Amino acid sequence: MYLKITLLLSPLIFLSPAFSGELSDAKKAYERNDVITAFYAYEKLAEQGNIVARNNIAYMYYNGIGIPQDHQKAFTLYQELAEEGLVSAQNTLAAMYIQGHGVVKNYTKALRWYKKSAEQGDVEAQFNLGYMYKKEPNIIQNYEQSAYWYGKAAKQGDADSQVNFAFMHYAGQGLMKNNELAFYWYKASAEQGNAKAQYNVGVMYHEGEGIMPNVVEAHKWFNLSAKNKFNGSVRQRDKIEKNMTASQIELARRLAKEWIESFFEYSSTGK
52 MYLKITLLLS PLIFLSPAFS GELSDAKKAY ERNDVITAFY AYEKLAEQGN
102 IVARNNIAYM YYNGIGIPQD HQKAFTLYQE LAEEGLVSAQ NTLAAMYIQG
152 HGVVKNYTKA LRWYKKSAEQ GDVEAQFNLG YMYKKEPNII QNYEQSAYWY
202 GKAAKQGDAD SQVNFAFMHY AGQGLMKNNE LAFYWYKASA EQGNAKAQYN
252 VGVMYHEGEG IMPNVVEAHK WFNLSAKNKF NGSVRQRDKI EKNMTASQIE
302 LARRLAKEWI ESFFEYSSTG K
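Position one of the sequence shown corresponds to residue 52 (the working numbering), numbered consecutively onward.
Please keep in mind that the hints were generated in silico from the structure rather than gathered at the bench.
Keep in mind the model is a prediction, meaning the values are calculated, not measured.
Note that CB positions come from ideal geometry on N, CA and C, so glycine has one too.
Hints may contain errors.
Derived Cβ-Cβ restraints for the label pairs, each shown as a range [claimed, not checked]:
1) G259 x I191: 22 to 30 Å
2) K156 x E292: 43 to 51 Å
3) R163 x K228: 29 to 37 Å
4) G283 x F314: 20 to 28 Å
5) Q120 x Q192: 33 to 41 Å
6) V285 x G72: 52 to 60 Å
7) K206 x I87: 40 to 48 Å
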């Protein structure tokens with residue numbers, strides 16, 4: 052698992068209560084691939100201080116859309132926006148420090164900007180802080196801070212943070228070892244389809260760690276993880292099958308099938 056660096060490739064921010072007509076015209080130009088017209092329209096609005104236009108100009112400089120690519124110019128613009136508190140700009144600035152785009156690599160400054168974004172509640176930044184405090188070799192390891200930020204993102208529903216927060220409870224890293232909470236967070240992540248979490252839920256059901264042993268549930272979760280191609284899941288599922296009755300295996304398979312049907316129905320309808 053790695054840092055979540057996605058904002059540099061994300062769509063432009065178009066919505067703004069002010070300058071809506073001008074922004075709409077720029078958006079339409081961009082969507083019909085008239086990027087030069089879009090750039091100059093955004094530039095005009097940016098000169099008037101419009102934050103959306105300034106963000107979009109930075110994005111276009113970063114990606115070389117309608118103008119020659121210029122990471123240094125993009126960095127300067129994103130830095131101004133980040134200092135004004137724009138969360139997406141703070142994340143992008145942190146990513147640019149990590150990647151060395153338009154600026155010399157600096158993990159300490161990246162951490163600083165992720166923290167500013169995370170303190171505003173941004174889930175991606177919270178995950179990245181959890182990761183950096185635990186695994187980034189250029190940052191002093193701090194399990195307490197890692198657990199804190201993974202926990203913040205986990206409570207907002209981020210599946211990757213939930214599986215990491217679960218492990219820290221299980222291993223006692225940065226907080227007291229607690230198998231019940233480890234199971235709770237693995238289960239929360241597993242219910243969102245995270246294959247690693249599904250595997251670990253299977254392990255905990257099988258071993259009776261943090262939850263009463265239940266071989267049917269263990270088989271179900273190993274099977275779900277196996278369908279997500281998680282390494283070791285097939286072996287574990289097949290191993291515990293040897294000590295299960297035919298009716299237990301049939302029930303476990305049916306429960307896994309029902310879970311998959313329910314998961315994809317929810318994914319498509321949101322209900």
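Okay, the hints, checked on the actual structure:
Checked against the given bound of 22 to 30 Å, the beta carbons of G259 and I191, roughly 37 Å apart, lie outside it. A hinted range of 43 to 51 Å holds for the C-beta pair K156 and E292, which are about 50 Å apart. Judged by the Cβ atoms, the range 29 to 37 Å given for R163 and K228 holds: they are separated by roughly 31 Å. A hinted range of 20 to 28 Å for the beta carbons of G283 and F314 is consistent with their spacing of about 21 Å.
Distance hint check for Q120 and Q192: the Cβ-Cβ separation is about 36 Å, which falls inside the suggested range of 33 to 41 Å. Between V285 and G72 the C-beta distance comes to about 58 Å, which sits within the given range of 52 to 60 Å. Judged by the Cβ atoms, the range 40 to 48 Å given for K206 and I87 holds: they are separated by roughly 45 Å.
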